[in-house]
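A.B. asks: Chains W and X, in that order, are what the protein sequence lines are.
With our numbering applied, the first sequence covers 2 to 329.
With our numbering applied, the second sequence covers -16 to 246.
Because the hints were derived from the structure by calculation, they are not lab data.
Just so we're clear, the structure is a prediction, and the values are computed from it rather than from any experiment.
Some hints here could point you the wrong way.
[Said to hold, decoys possible] Taking lysine to aspartate or glutamate and the DMTMM-like style, the derived pairs with C-alpha atoms no more than 25 Å apart in a straight line are:
| hint | chain 1 | residue 1 | chain 2 | residue 2 |
| --- | --- | --- | --- | --- |
| 1 | X | K215 | X | E150 |
| 2 | X | K211 | X | D196 |
| 3 | X | K62 | X | D97 |
| 4 | X | K104 | X | E129 |
| 5 | X | K58 | W | D223 |
| 6 | X | K207 | X | E150 |
| 7 | X | K91 | W | D191 |
| 8 | X | K195 | X | D42 |
| 9 | X | K62 | W | D223 |
| 10 | X | K168 | X | E226 |
| 11 | X | K1 | W | E224 |
| 12 | X | K195 | X | E150 |
| 13 | X | K207 | X | D196 |
| 14 | X | K211 | X | D189 |
| 15 | X | K211 | X | D221 |
| 16 | X | K195 | X | D180 |
| 17 | X | K104 | X | E71 |
| 18 | X | K238 | X | D180 |
| 19 | X | K62 | W | E224 |
| 20 | X | K58 | W | E224 |
| 21 | X | K207 | X | D189 |
| 22 | X | K91 | W | E224 |
| 23 | X | K104 | W | E224 |
| 24 | X | K211 | X | D225 |
| 25 | W | K328 | X | E71 |
| 26 | X | K(-8) | X | D202 |
| 27 | W | K48 | W | D191 |
| 28 | X | K39 | W | D223 |
| 29 | X | K1 | W | D223 |
| 30 | X | K232 | X | E216 |
| 31 | X | K(-8) | W | E224 |
| 32 | X | K39 | W | E224 |
[To be verified] Derived, one-sided and incomplete: chain X residues facing chain W with beta-carbon distance under 7 Å:
| hint | residue |
| --- | --- |
| 33 | A74 |
| 34 | M85 |
| 35 | L93 |
[As the list claims (entries may be wrong)] Chain X is nowhere near these chain W residues, computed Cβ spacing over 10 Å in every case:
| hint | residue |
| --- | --- |
| 36 | C46 |
| 37 | S118 |
| 38 | R178 |
| 39 | P200 |
| 40 | T304 |
Ideal Cβ positions, reconstructed from N, Cα and C, are used throughout, including at glycine.
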Amino acid sequence: MSRLTNQAALPLLLALVAFSIISASGFGITELDHQQVWQCMVGECSKSIYQTILFEVRLPRVLLGFLAGFGLAIAGVLMQNVTRNPLADPYLFGIVSGAGLGATLATLLPESVQFISMPIAAFIGALAAVSLVLMVVMNNNWRQVSHLLLAGVAVSFLLSSMTSFILYMGDAFSANRVIFWLMGSLTRADDKTLLVIAPVIIVSLLTSLVLARQLDALLLSDESASTLGVNVPRLRVIILIICAASTAVIVSFCGGIGFVGLMIPHIARTLFGITTARLLIASGLLGGCFLVWVDVAARTILTGQEIPIGVITSAMGSVFFLALMRKM
Amino acid sequence: MANSVLSCKQLSWHVNNKRIVSEINFVLNKGETVGIVGPNGAGKTTLLKCLSSQIKNIDGHVFLHGHNMQFMPAKSIAKHISVVSQQESPAFNLTVQDIVQMGLIPHKGLFERDTEHDRIKISRALAQVELTNKNQQLFSTLSGGEQQRCLIARAIVQSADILIMDEPTNHLDIYYQHQILQLVKKLNLTLLITIHDLNLAAQYCDRLLIMKDGELLADNSTSKVLSKSLLKETFGLDCHIDENPFTNKPRITFKGGSHVQID
Chain W
2 MSRLTNQAAL
12 PLLLALVAFS
22 IISASGFGIT
32 ELDHQQVWQC
42 MVGECSKSIY
52 QTILFEVRLP
62 RVLLGFLAGF
72 GLAIAGVLMQ
82 NVTRNPLADP
92 YLFGIVSGAG
102 LGATLATLLP
112 ESVQFISMPI
122 AAFIGALAAV
132 SLVLMVVMNN
142 NWRQVSHLLL
152 AGVAVSFLLS
162 SMTSFILYMG
172 DAFSANRVIF
182 WLMGSLTRAD
192 DKTLLVIAPV
202 IIVSLLTSLV
212 LARQLDALLL
222 SDESASTLGV
232 NVPRLRVIIL
242 IICAASTAVI
252 VSFCGGIGFV
262 GLMIPHIART
272 LFGITTARLL
282 IASGLLGGCF
292 LVWVDVAART
302 ILTGQEIPIG
312 VITSAMGSVF
322 FLALMRKM
Chain X
-16 MANSVLSCKQ
-6 LSWHVNNKRI
4 VSEINFVLNK
14 GETVGIVGPN
24 GAGKTTLLKC
34 LSSQIKNIDG
44 HVFLHGHNMQ
54 FMPAKSIAKH
64 ISVVSQQESP
74 AFNLTVQDIV
84 QMGLIPHKGL
94 FERDTEHDRI
104 KISRALAQVE
114 LTNKNQQLFS
124 TLSGGEQQRC
134 LIARAIVQSA
144 DILIMDEPTN
154 HLDIYYQHQI
164 LQLVKKLNLT
174 LLITIHDLNL
184 AAQYCDRLLI
194 MKDGELLADN
204 STSKVLSKSL
214 LKETFGLDCH
224 IDENPFTNKP
234 RITFKGGSHV
244 QID
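Isolated chain W, as found in the complex (with noise of 0.2 Å):
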């Protein structure tokens, strides 16, 4: 497939972004429609509940989705980048099983305070798991790739099996409601929620897109890169931290939505090229759109009652990933 220059692919992204988020805005069960959510945009609602459910419910909603699948599509192209492993994803450093295991701690929690605590405790758990796939590559080759995954593999294993035995021991209500929770939603969406991830995610896409050039570099080899001028070892650290706190941000208020990070840079290679600065806008935009449209479907496929996201995106990628090992 021939690539989209990029005097064509920004607008149509742009266009796609806008025709997006006002479009989903319209879907949800009560009668407010596109038509109306139009008019609620350009400042003349018919009625003053409109506007709440526009502006309070369903907007706050599908720009968590837009955000979330922003995130994790740049942190998917990062990974991609860094590892020069077309299968890596934020997920294989074990960031979901870190901040699954996070929450679940959380519940032994007091009741009262977990509104509040299980995101924290994610997001520490996210870092913890990051930081370890770290401190286990850091002394030993380091440089090679394949350590680098592996060891997020096993930390992955680790983690996880801590998470089930905790939950296996405690009770069954608090179980059920972390066993939701990984499942991935974005029934959490309210602008205090934004307010913290859009700054996260920002900071991630400018950081990045400073850095693009050097990522560039490290898309031929370490030695390539380095006799170009690039320190490989700290820009791959920096490359993880910034992976690592975007990713899990969004895992904490969105809980696991798997492989948007692995499918999105992929398609946006095809469409948009290789070049880090390039396809982080495209993924970046790419990756929102999608995750917009899955929890349409998420809250639409089945009548009065919602599939968690994370199911969905999991099912799709999954496909996706043997799809293409299949290829390689």
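Got chain W sorted already, so can you dock chain X onto it with the hints?
C.D. replies: Frame of chain W; chain X shown alone:
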């Protein structure tokens, strides 16, 4: 040593208590083409990596334009030394243009964008290596010779004054071997090249270093280094040396045959 651009003093590197490169001293002068020859495992590639700061934990010193390279930032080194390695196999489908563009990296600040001057520089480099019409082609679909030319174009864009090449003629047929070496000679850079083919070394290098078991056996002009006794000591084979009728440079023919032992 006004002409010295790169030199090393008592340069050694060991891994797991085994010395791979041992107490090397030599000077690379401006404009020279110096070849490093020697048997497999002699430490040639390792020496290049030490000299281009890809290996950092060395014993001894490397000086670049008189400055101790250990204290130089990677970016400053990259402004003076470009490296073309044996073979690159990118994990993703990079185009020729993507790779040549990477040559700009050492010259760009974090917030700097490409300028019109950069674009001209890239297209000139592509023209120099005759890859202009393949600039959008995937690197992985190029022939071995074209891949080498693409990496040379990246080195041209990098604008370094020293070009280090690790066995650039490996895997290339005889036409491309000469094409690549003629191309880099035309760039008027200081060249340091590891090379297996002694006749190519004789034809294109001004000076040769012979390495064996991590040590420098000889450092002299091509005609002096390519002697029967030294080649016998290095490669363990008898040879005949006469003159290449086209270039008047030494031509080496190894005896080979039944006395070559299989270990």
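A.B. asks: Quick one: which hint numbers does this structure break? Sort them smallest to largest.
C.D. replies: 7
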